[in-house]
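Got two chains here, each in a separate frame; can you build the complex from them with the hints?
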Amino acid sequence: MNKSTEGAVSSVELVGISKKFGDSLAVDNISLSIREGEFFSLLGPSGCGKTTTLRMIAGFEQPTSGQLYIAGQPVAGVPAFRRNVNTVFQNYALFPHMDVTDNVAFGLEATHAASKTEIASRVQDALDLVRLGNYGKRRPRQLSGGQQQRVALARALVNRPAVLLLDEPLGALDQKLRKEMQIELKHLQSQVGITFIFVTHDQEEALTMSDRIAVMSNGKVLQVDSPATIYERPNCKFVADFIGQSNFFAGRITGMDSDSVTVAVGGSDGGSFAVQAPRTNGMQAGQEVTVAVRPEKIGLRRVVGSDAIHSNGLNRTPGRIQRVIYMGTSTQYVVDIPGGSTLTVERQNSGIAEPNLPRFARNTQGIDLPGDSGLVEHEEVVLEWSPAVTLLLDKLRCRLRQ
Amino acid sequence: MKQLDIKENRGLAAWVRRRPGVQAAGLLLPGLIAFGLFFVIPLLIVVGVSFTAKKAGTVDWTHWTLNNYVSLVTNFAGDFDPLYLNIFLRSLWFALLTTVICLLVGYPLAYFIARRGEKWRAALILLIMIPFWTNFLVRTYALQLIFRKEGLLNSLLLDGHIIKQPLDMMFTPGLVLFGLVYGYLPFMVLPLYASIEKFDFSLLEAAQDLGAGTFRTLRKVLLPLTMPGVVAGSILVFIPVVGSYVTSDLLGAQSSGTLMVGNTIENQFLKSQNWPLGSAMSLVLMAVVLLAIIIYFRVARGDKKGAAL
Chain G
0 MNKSTEGAVS
10 SVELVGISKK
20 FGDSLAVDNI
30 SLSIREGEFF
40 SLLGPSGCGK
50 TTTLRMIAGF
60 EQPTSGQLYI
70 AGQPVAGVPA
80 FRRNVNTVFQ
90 NYALFPHMDV
100 TDNVAFGLEA
110 THAASKTEIA
120 SRVQDALDLV
130 RLGNYGKRRP
140 RQLSGGQQQR
150 VALARALVNR
160 PAVLLLDEPL
170 GALDQKLRKE
180 MQIELKHLQS
190 QVGITFIFVT
200 HDQEEALTMS
210 DRIAVMSNGK
220 VLQVDSPATI
230 YERPNCKFVA
240 DFIGQSNFFA
250 GRITGMDSDS
260 VTVAVGGSDG
270 GSFAVQAPRT
280 NGMQAGQEVT
290 VAVRPEKIGL
300 RRVVGSDAIH
310 SNGLNRTPGR
320 IQRVIYMGTS
330 TQYVVDIPGG
340 STLTVERQNS
350 GIAEPNLPRF
360 ARNTQGIDLP
370 GDSGLVEHEE
380 VVLEWSPAVT
390 LLLDKLRCRL
400 RQ
Chain C
0 MKQLDIKENR
10 GLAAWVRRRP
20 GVQAAGLLLP
30 GLIAFGLFFV
40 IPLLIVVGVS
50 FTAKKAGTVD
60 WTHWTLNNYV
70 SLVTNFAGDF
80 DPLYLNIFLR
90 SLWFALLTTV
100 ICLLVGYPLA
110 YFIARRGEKW
120 RAALILLIMI
130 PFWTNFLVRT
140 YALQLIFRKE
150 GLLNSLLLDG
160 HIIKQPLDMM
170 FTPGLVLFGL
180 VYGYLPFMVL
190 PLYASIEKFD
200 FSLLEAAQDL
210 GAGTFRTLRK
220 VLLPLTMPGV
230 VAGSILVFIP
240 VVGSYVTSDL
250 LGAQSSGTLM
260 VGNTIENQFL
270 KSQNWPLGSA
280 MSLVLMAVVL
290 LAIIIYFRVA
300 RGDKKGAAL
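Those protein sequences? They're chains G and C, same order as listed.
0 is the number of the first residue of the first sequence in numbering that gives the first Met the number 0; add one for each residue after it.
0 is the number of the first residue of the second sequence in numbering that gives the first Met the number 0; add one for each residue after it.
Chain C on its own, in the form it takes in the complex (with noise of 0.2 Å):
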């Protein structure tokens, strides 16, 4: 026993444990090691290549420039272009409108099944979630053969004698918007429903109690108390429907009214070639998403006033 003692004292580990420095980067290496490796790195390298010369499917590391960013402004003679301006803009605007309309249709969702029995809310949120055991392509696949022309709404409709001609609703941002909201639905009733469920019901009661009618009690009371879930449900289906590609490739196809950012940095890397353009397309984006959120973080805190637990 002794002489074990006297090992460790003399031991790498004890060496390690009378620095507290040493034990706690020791401890925080692995954790660095995977977040310099998988996030760090890889963020270097497209920062590095927006700023290189276009070389067809590589990289020229030879030649360093701005153009490409100058680019995302200009067209080939040097002008003013909002070509990109506005895919940018289209697809903000697609996130907002995604965002909002999940949040309308999310929050009676999240709360009609809050206000369930135990045994009816596990059964109902597994369906919320089943979606997500089948692969986001294709589902997407799925609501083509939905929505085409020769589609199941338009046979049903047809057939139905609702309609006489069928409905032409591919490629139109209308479906686009339909796709990402009920692709991205789930992102929102999740964190919403987590948030109601915690929330104290009888606060209701107290509210109409003291005379508040529907509406101002859920002003007051409800929505107060689960902006946190709103808050996480918002930012859970922005970031990433303002990046998405699959959801108006398939169903928009590219045509010019349903264009996302993600498509264009997509045909910069996979058909153009054009890598460094799509990187630099890439960080512009990551930096308007940042801003977005920075932005919306002020706009919450605002209306909540430290309504947060």
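Here chain G stands alone, though its shape is the one from the complex (with noise of 0.2 Å):
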């Protein structure tokens, strides 16, 4: 989290900011510490913080308590106008009375940064860069949502401010242009290597879109990690439940050897079975903890007869099918298990035709079901996961680790 571990250049560094509105605590003692040229996603619910965290970067705001370092030099006091930094605001702010070229242009004139030459071609660089280049002389209300938007990422970029601040910027974006403008956004961010920080609320566009994340809630910092650290090896039930889908059910620790734990799950009431997890410092036999698993990790067969199953190492439980969801990909199944909980199961749509293959997977013990295998409710089945991918949390929701 501080710029030594990485040995890169901190663009931004947030060390103990705050931001109080009246009585309440809108960030709440963040640090953070951006790398020059990243790509950098706040990602959290609406009322975390991310935008006030922001807009005290861009000057909008300042911080109750803190320090902010944009490029290695203090900022506390120096206004919006006088910082490096651009913004791309979530309603695109464009000036409704100018067109494409004076939006863009207004940056450059209003810091004198170039000559009226240079600032023509440099607003025609950045209106080509945005695929936009033709567009010059429209006014921002004849333009589509997505080209606002594109002007809007010219406007900011052809300044070439040391950090770019993005605001939601495609949140009012329809969901395939949304898909297109996240690709164009990194492609773009690549091309011109300036750092990008990015607040949304939306997981997927920080996952697909980000060099890392950082978590947010009730104004504090949850997980700052790569996309995949944050999805695979999530810090707290928070972020597990947060970004994707996890699974949860109480167990209690009754065994460890050296590289591994048990947990006991269920009650004696309604049958329990027991888990593997991977065992790290901290954990204690008896210790109560939270089991954490993704839908998509968990695989599912059909009980066939007596249903003696060799042990592959897996952890494993039978399960009776409450609902089936078709999601077009993948078909998510709702599974009762032992001990009154409930798992939700993802399996991929393989495409392996009906009505043949329920006659298939019977006569194969042991194969991993796809999504598309025409499981129906109230089917018994097993559930079985690698215990590679079995988090445990602590009472805390905090996952145990070294």
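A couple of the hints might just be wrong.
Unchecked claim - Each computed PhoX-like pair below joins lysine-lysine, with the alpha-carbon atoms no more than 20 Å apart: (1) C:K219 <-> G:K115; (2) C:K163 <-> C:K148; (3) G:K296 <-> G:K19; (4) C:K118 <-> G:K136; (5) C:K197 <-> C:K118; (6) C:K54 <-> C:K270.
Claimed, not checked - Just so you have them, the derived chain G footprint on chain C, three or more residues with Cβ under 8 Å: (7) 83-96; (8) 220-228.
In case anyone wonders, no lab produced these hints; they're calculated from the structure.
The C-beta atom is built at its ideal place from N, Cα and C for all residues, glycine as well.
Okay, here's the thing in structure tokens:
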């Protein structure tokens, strides 16, 4: 979390930043170090303080306490118009009385950064960069949402800021356009090499585009990591739940050996089963824990006969399908398991045609069924997943780790 | 049912319904009658009177003449006399000053109100409008009570030992100007407020984010986008002030430095009993105001370069 660990230059650094609005604490003592040229996302639900954090970097809000550095320089008291950062606003905030060219030229003219001819050529370059080279004479209201978005990008990038701040810039676009813009933004960022700080509540957006993500909740930063680490090794229940989906169920550590622990799940009334998980420091026998498993990491098998399956080292529990939800690329099964919990299992729809598959599956013990394998509600199944993908969270809902 | 249909097809209503032209004329008629009765006919009467000869207390319709217009710029001997011209120019000058001062005071005020919370905004706008509930004449007399020699302001200043001699403020051009600004400021603030309130304030942050300081943000973003309010407010102040006479009458008492066209016209009708000359002055005033407005629109349009939405 500090610049010395990576040896990279820190583009924006927040040290113990807090922001109070009246009595409410919007941002609670956060420290972040954002590297040069990084695509960094602030991810969290609305009201988590991510936009306030962005506005403090932009200079629209002053921190109540803490230090803020941009390119190594402290910026406390430096007004927004003197900071070498630019913002792409959520509603774009394009000037309606100016055409696209004047909008994009506004920053260069305001700072007297270049001569008239140089401004003209830089504006044209910026518009070409966002593929709006021929739209210079249009007014913002004559453009579609996606085009306005790109004008806002060009207007910010033309100033060659040290940092580009993006405040939920894709929020107003429809799903398809949003996907395109995600790719375009990422591409643009690698082209210009400017540090991007991207605020979003959309976890998929953050996972797709970011080099690193800071997950925020209630004004605090819960985890800062790469998308894969955030997803595979969430620090706490909030992160596991907010990014992707997770199954949570309660258990108690009953046994430990050198590299794994055994957790007993479920009570005496509803039956019980044991779960293996990797052992980490701080685990104690008898400890109450929450087990977390991603839906797509759980395999599904049909119960055949007495279901005598050889142990294959996987965690295993019987279950009964409660609901089947078809989702296009995959199918979700809500499965009741012993102990009164339900697990959500997600399997890819592999495209193996009905109705041949059930017969095929019935004859093949131990096969992990795809989503479109014809499983129906109330069917008895066996769920399996690897101990390696099994996370244990402690009473404070934080992941037990070294 | 059937019978009724036939009846309607033959009736007057049906006849009208088949003729859209007649229908439109019928719908326009009440408006046209009101417009003709209250605007066109009175205006024509004034135009007519302005070409008649003077006859005490009434109009001599038998003599038609251009003398009324000629005498606006000449004396009895027929030589050039700038008496009325100066009064016209003074009125335009007072109106221009009033408009500019109202704009300079009203814009920050309207901006301040527009940036308050919803509850505050309603309360502050109400405060702006409350003076309208009191008669304009009464409010102008109240200004007299404040500013005359033995008035409230002088006694406060004397009691506070700020001045030794009472200030002589009555009947000065400055006081007339103050009275005009006081009386017409709401007409400036209300349209300004309406257009500033619609303004998207995130544009100010965008301008600052792009490196524009306060003045540049004001000039390049806020002002062009609230220009409709500036234009509307300026016209609403300028036109009535050019023709106003109560303020200059009560606070200027027709002393030579404060006399305005409105007072002169009033004098022609009520004191000199010269209706034709009064009518001629009214019409010239109308023409001058119209011209001023046209020029103003031209300039404003040039300024904002199509800023209006």
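Against the structure, the hints come out as follows:
Between the alpha carbons of K219 of chain C and K115 of chain G the distance comes to roughly 17 Å, so the proposed pair stays at or under 20 Å and holds. At roughly 13 Å between alpha-carbon atoms, K163 of chain C and K148 of chain C fall within 20 Å of each other, so this suggested pair holds. Proposed proximity of K296 of chain G and K19 of chain G is contradicted: the alpha carbons are some 41 Å apart, above 20 Å. A distance of roughly 41 Å separates the Cα atoms of K118 of chain C and K136 of chain G; the hinted pair therefore is violated under the 20 Å criterion.
As the CA atoms of K197 of chain C and K118 of chain C are separated by approximately 17 Å, the hinted pair is consistent with the 20 Å bound. The suggested pairing of K54 of chain C with K270 of chain C holds, with an alpha-carbon distance near 13 Å, which does not exceed 20 Å. Evaluation of the coverage hint for the stretch 83-96 of chain C: breached, as 0 residues show C-beta separations to chain G shorter than 8 Å, against a requirement of three. Counting residues of the stretch 220-228 of chain C whose beta carbon lies closer than 8 Å to any beta carbon of chain G gives 3, which reaches the threshold of three, so the coverage claim holds.
In the structure shown, a violation is registered for the earlier hints numbered 3, 4 and 7, in ascending order.
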